[in-house]
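**Student:** Given chain A's structure and the hints, the job is docking chain B onto it.
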Amino acid sequence: MNCSQARIFLAAFHDDELDTRTNAEVLEHVEMCAECARRLERHERLGTIVARYIESVRAPRELRDRIAAHFVAFSSGRHAASRIWRETARAGWFRAITAAACILLVFALVYVVLLAPPATLNAAAVRQHIAVVRDQVPAFMYTKDAARARDLALFKFGHKPSIPHLGDGDFELVGAGPAEIELKDVGHFVFRYKAATVSMFVFSGLSLDEVAGKDVETRRGLAKLDAQRGLSLLAWRGGGFTYILVSQLPGQDLVGIVGVPPSAE
Amino acid sequence: MRGASLVRQEQDRGSIFAGQALPHLDAMYAVAVRLTGDQKEAEDLVQDAMLRGFKFFEKFQQGTNLKAWLLKIMTNIFLNKVKKIAARPPMVEFETVEDFIGEAQESARDVPSTSEDFRELLDEDVAKALDELPIEYRTPVLLSAIEGLSYRQIAEAMDCPVGTVMSRLYRGRRMLERSLKPYARSIRFLKKPGDK
Numbered sequence: 000m001n002c003s004q005a006r007i008f009l010a011a012f013h014d015d016e017l018d019t020r021t022n023a024e025v026l027e028h029v030e031m032c033a034e035c036a037r038r039l040e041r042h043e044r045l046g047t048i049v050a051r052y053i054e055s056v057r058a059p060r061e062l063r064d065r066i067a068a069h070f071v072a073f074s075s076g077r078h079a080a081s082r083i084w085r086e087t088a089r090a091g092w093f094r095a096i097t098a099a100a101c102i103l104l105v106f107a108l109v110y111v112v113l114l115a116p117p118a119t120l121n122a123a124a125v126r127q128h129i130a131v132v133r134d135q136v137p138a139f140m141y142t143k144d145a146a147r148a149r150d151l152a153l154f155k156f157g158h159k160p161s162i163p164h165l166g167d168g169d170f171e172l173v174g175a176g177p178a179e180i181e182l183k184d185v186g187h188f189v190f191r192y193k194a195a196t197v198s199m200f201v202f203s204g205l206s207l208d209e210v211a212g213k214d215v216e217t218r219r220g221l222a223k224l225d226a227q228r229g230l231s232l233l234a235w236r237g238g239g240f241t242y243i244l245v246s247q248l249p250g251q252d253l254v255g256i257v258g259v260p261p262s263a264e
Numbered sequence: 000m001r002g003a004s005l006v007r008q009e010q011d012r013g014s015i016f017a018g019q020a021l022p023h024l025d026a027m028y029a030v031a032v033r034l035t036g037d038q039k040e041a042e043d044l045v046q047d048a049m050l051r052g053f054k055f056f057e058k059f060q061q062g063t064n065l066k067a068w069l070l071k072i073m074t075n076i077f078l079n080k081v082k083k084i085a086a087r088p089p090m091v092e093f094e095t096v097e098d099f100i101g102e103a104q105e106s107a108r109d110v111p112s113t114s115e116d117f118r119e120l121l122d123e124d125v126a127k128a129l130d131e132l133p134i135e136y137r138t139p140v141l142l143s144a145i146e147g148l149s150y151r152q153i154a155e156a157m158d159c160p161v162g163t164v165m166s167r168l169y170r171g172r173r174m175l176e177r178s179l180k181p182y183a184r185s186i187r188f189l190k191k192p193g194d195k
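Protein chains in written order, with numbering that gives the first Met the number 0: chain A, 0 to 264; chain B, 0 to 195.
In isolation and in its complexed conformation, chain A is listed as follows:
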């Protein structure tokens, strides 16, 4: 190894980041070359200077307090009132978005109250879809309760789904055994399945394109919603509903299913 080669590796040599062979070559060179040895020494000093500088800096107390307060507020359930949020709310871009959202909301309310036809659920279409669901998946759930849909939607991609939610509120866990779906009343289905084997994901108001390719946590690890990766994904609309079924390849266990009507958004 000559000087120009050795110099390139000096920083990495000092930081102990070289493979054994290169490390030995640099060491051998440095032991023979006084100039490179001096360069190495300077690298060491410079590294120490920067490290010492970093250790000398203290974050402003106000910043520490602000961040600590955010998580304390989070821990005591006052997250929404945290100072960080208030600062965000003061930002110009946030105000502009809020104003635009308010205008849209007013238009949406006018549309809903004056122009939109009354939302009716097409029981026949639901029954037809359920016939398809029954053939393909062992469990199915649906809610027309907007608050419940929002609650479920908290578990977005990247978050672990929560099994305890099964059996809560609108959802009734009947017990273990083969899937059996029955229509209790329009928009409220009871599913029967072994809770321990169901992983649930909620997709509300998402198109197939938006869902495909996302990472989801399954009980077998992280999986992509992609037919090539061993998961099949079906989606269709009808009867005022958006159904998205996510299941593994035929013969394997169900991964998850959800149907949320657009009216619940």
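Since the hints were made in silico from the structure, they are not lab data. Only true hints are included.
Think about it this way: if two alpha-carbon atoms lie no more than 16 Å apart in a straight line, the pair counts; the simulated EDC-like pairs of lysine to aspartate or glutamate are:
id: 1; chain 1: B; residue 1: LYS66; chain 2: A; residue 2: GLU54
id: 2; chain 1: B; residue 1: LYS127; chain 2: B; residue 2: ASP37
id: 3; chain 1: B; residue 1: LYS80; chain 2: B; residue 2: GLU42
id: 4; chain 1: B; residue 1: LYS80; chain 2: B; residue 2: ASP43
id: 5; chain 1: B; residue 1: LYS39; chain 2: A; residue 2: GLU61
No experiment lies behind these values; they were computed from the predicted model shown.
**Tutor:** Okay, now just chain B, sitting in the frame of chain A:
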């Protein structure tokens, strides 16, 4: 009831994250203030990184280096912002000219090592000298000074190959040395050219 348990779970997550992350605030701020060159921007950057770290805390592998993980997030946020700003006017790709810049600067300014050292430099001199480095060199120089942060982690934070980190670090430290010399001379640790 279950809703309450979920809220409790989230609250626990907040306390755990705060307990683990806050001890690294000083190091994060130290790096942030030199990356941005501005205290207010540094505070915003640290805050953004903390919030993002908390958001993805579930992905953090417990038992590994949280400081490195948070610094990686913070550097990513910063460099993405820099890239967006740099993307506005049409510019030559930095990668295509950096080798040339590095070599040219070195050959033009390389001086034999006098190597009396910089031991007594003030922190503010070091800060000024760091600020003089182009951001592509300043970033690895700062991150490499954090104990436990490997070249691989620095490369991930900078979104570049490990080899690039190595060469930028080498050149970055050489540039830093040159930047520090005037301060070292000013406090009479180095001879001025022509001094006897």
